[in-house]
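Taken in order, these protein sequences are the chains called P and D.
With full-length UniProt numbering, the residue at position 200 of the first sequence is 200, and numbering never jumps.
With full-length UniProt numbering, the residue at position 175 of the second sequence is 175, and numbering never jumps.
Calculated directly from the structure, the hints in this document are not laboratory data.
Each residue gets a CB set at the ideal place from its N, CA and C atoms; glycine is no exception.
Certain hints may be false.
Claimed, not checked - Now the in silico label distances, taken between C-beta atoms and shown as ranges:
#, chain 1, residue 1, chain 2, residue 2, range
1, P, Asp231, D, Leu253, 36 to 46 Å
2, D, Glu56, P, Asp231, 20 to 30 Å
3, D, Arg26, P, Val215, 45 to 55 Å
4, D, Gln121, P, Glu314, 57 to 67 Å
5, D, Glu56, P, Lys152, 46 to 56 Å
Take a look at the letters that make up each chain.
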Amino acid sequence: MRKLSLAGKNAIIILALGIVLVVAVVVSFNLGRYPITPRELGGILLSKVFPIEKFWTDTMATVLFNIRLPRILLACLVGCCLSAAGASYQGIFQNPMASPDILGASAGAAFGAAFAILNYASQTMITVSAFFFSLVTVALVYLVSRKAKGSKVLGLILSGIMVSSLFTAGTSYIKLVADPSDRLPMITYWLIGSLAGATKKDVLFAAVPMAVGLVPLFLLRWRVNVLTFGDDEARTIGINATRIRLIVVICATLVTAASVSVSGMIGWVGLVIPHLTRRLVGNNYRHLMPATMLFGALFLLLIDNVSRNLLTLEIPIGILTAFIGAPFFIYLITREAGSR
Amino acid sequence: MSVTVNDLSFSYKERRVLADVSFTARTGELLAVLGPNGVGKSTLFQCILGLLPYTEGEILLDGLDAKKLDIKETARRVAYIPQSHAPAFNFSVFDIILMGTSAQISDVNVPKKRQLELAEQSMERLGITHLKERGYLQISGGERQLVLIARALAQDARILVMDEPTSNLDYGNQLRILSQIKLLAREGYTVVLSTHSPDQAFMFADRVLALQGGRVVRHGRPFEVITDALIKDLYNVEVEIQSLYGGKARMCLPKSVIDT
Chain P
1 MRKLSLAGKN AIIILALGIV LVVAVVVSFN LGRYPITPRE LGGILLSKVF
51 PIEKFWTDTM ATVLFNIRLP RILLACLVGC CLSAAGASYQ GIFQNPMASP
101 DILGASAGAA FGAAFAILNY ASQTMITVSA FFFSLVTVAL VYLVSRKAKG
151 SKVLGLILSG IMVSSLFTAG TSYIKLVADP SDRLPMITYW LIGSLAGATK
201 KDVLFAAVPM AVGLVPLFLL RWRVNVLTFG DDEARTIGIN ATRIRLIVVI
251 CATLVTAASV SVSGMIGWVG LVIPHLTRRL VGNNYRHLMP ATMLFGALFL
301 LLIDNVSRNL LTLEIPIGIL TAFIGAPFFI YLITREAGSR
Chain D
1 MSVTVNDLSF SYKERRVLAD VSFTARTGEL LAVLGPNGVG KSTLFQCILG
51 LLPYTEGEIL LDGLDAKKLD IKETARRVAY IPQSHAPAFN FSVFDIILMG
101 TSAQISDVNV PKKRQLELAE QSMERLGITH LKERGYLQIS GGERQLVLIA
151 RALAQDARIL VMDEPTSNLD YGNQLRILSQ IKLLAREGYT VVLSTHSPDQ
201 AFMFADRVLA LQGGRVVRHG RPFEVITDAL IKDLYNVEVE IQSLYGGKAR
251 MCLPKSVIDT
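Please construct the entire structure, taking both the sequences and the accompanying hints into account.
Written as structure tokens, this is what we have:
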């Protein structure tokens with residue numbers, strides 16, 4: 001048999017990830033207090049288009065459309081966005097440690113959202129505010145890290161920690177002055193990171209900025225490859241590095257902010273998933289980007305299933321991703337340097 | 001494809017780095033730029049590559065004003081070959097070479113069949129097809145340099161600019177890389193490279209451009225240009241130029257070595 005080329009192997013991995021994701025989505029409907037079997041799921045969905053004799057209860061249809069579907073979709077979307085943003089940041093900052101959390105995008109978005117909640121802002125304003133502060137932190141972290149002396153990887157992480165803690169302090173202050181009977185619980189719950197409150201409205205609301213950000217990230221993926229060599233080299237190859245980098249930063253930050261504004265702070269996904277995906281398909285963004293998007297969606301969907309089914313009381317997903325992410329981070333910083 | 005530089009001057013803030021630099025590198029010519037560290041070689045190259053906005057003088061790429069070409073048009077004419085380096089991510093050799101074709105496709109596209117073929121051809125041309133699926137960080141410095149040259153060939157530009165292409169390489173790899181570059185010049189590529197070694201210029205260059213203090217001090221054939229006086233002027237070293245094999249080859253010998 002002919003040996004498969006790298007590209008062929010990667011195409012198969014991406015296809016497999018897609019199939020596993022579809023299976024996981026179907027299985028996820030079956031998990032929870034009102035299980036919906038694949039047969040019922042198919043029936044309810046098809047009945048929207050074709051006249052099918054009803055073999056399910058009304059409760060089932062309600063659960064499906066109002067609870068399970070929004071939640072499953074949101075888990076997939078947020079997972080997809082956070083890992084796509086992480087992979088993109090890593091490429092354009094030429095830094096394997098970059099991610100929405102490290103770059104402060106999450107902390108900034110959290111501050112922006114908490115600030116908006118404090119002021120009784122609408123859902124739209126929460127996202128806008130989250131996006132704005134998210135962009136401010138990413139810009140700040142990047143500028144500070146460029147001034148930092150020594151290792152670039154270290155500089156980025158350190159300035160990320162610094163700027164993040166600044167915004168986290170701001171968020172703490174907001175919690176201090178927030179109305180404890182009304183605003184404070186909302187902010188606190190939201191900061192932990194959870195998909196429990198997912199509604200149809202949330203999904204529709206977040207899907208627009210997510211799509212607006214994800215499409216360019218996907219289309220520009222070949223360009224991100226070249227940007228990993230630095231601006232001057234990219235330019236001599238024929239790429240307007242400044243422009244592409246700006247577009248990618250804005251899109252990655254937009255999808256991060258959109259995710260954070262509907263799901264709160266779900267950490268680590270943006271660092272862990274791109275790295276696991278690099279292991280699977282290599283560093284070429286042509287395959288890395290679609291693979292990491294699918295893998296991220298799959299990962300968060302699985303974690304969310306654990307989050308809502310493991311115990312009677314739901315464990316917020318942000319806590320679970322940290323339990324998985326933190327040990328992985330330790331593994332990343334301790335393994336041999338050569339295989340970065 | 002030729003590079004013509006006319007009266008180029010460049011200053012970083014107050015400091016003048018290049019002053020009235022003029023020269024032409026013609027099709028099929030290997031031009032070696034000699035000069036001490038900090039003399040403006042890199043600045044000159046960055047101007048040619050369109051990375052620095054010079055205000056005085058002009059640069060013509062194949063007769064066209066470089067200032068009027070956009071990023072992609074420039075990339076289709078002139079390719080840059082950096083010193084072998086370590087990028088943040090371990091791409092496969094083939095991916096890196098394929099990246100050279102980026103100027104041929106639109107921003108939202110991935111390389112097509114034609115680009116894949118170009119990348120294959122440039123790998124074959126440099127005899128590195130066996131490295132195709134290896135990781136760039138796993139191969140040797142000499143091999144990396146060949147990969148970067150292959151990337152420039154895939155770019156399909158006919159002018160190659162190299163900043164000290166042999167500086168991180170061992171003696172054998174230096175000679176192999178320079179021989180490859182010389183062959184490319186014979187095939188019709190125009191090569192502009194900087195080097196610290198006058199001996200390399202003797203062996204491989206068709207013409208030499210000697211820079212001192214941002215100015216051109218000599219420009220011409222290696223045998224005519226590289227003299228003991230020039231080396232003294234550029235590097236403050238006393239040398240004796242030896243003619244070997246009946247004048248077919250020349251070498252610089254430091255006097256400090258001969259006298260002791």
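Query raised in the report: Looking back at the numbered hints, which does the structure fail to meet, lowest number first?
Result: 5
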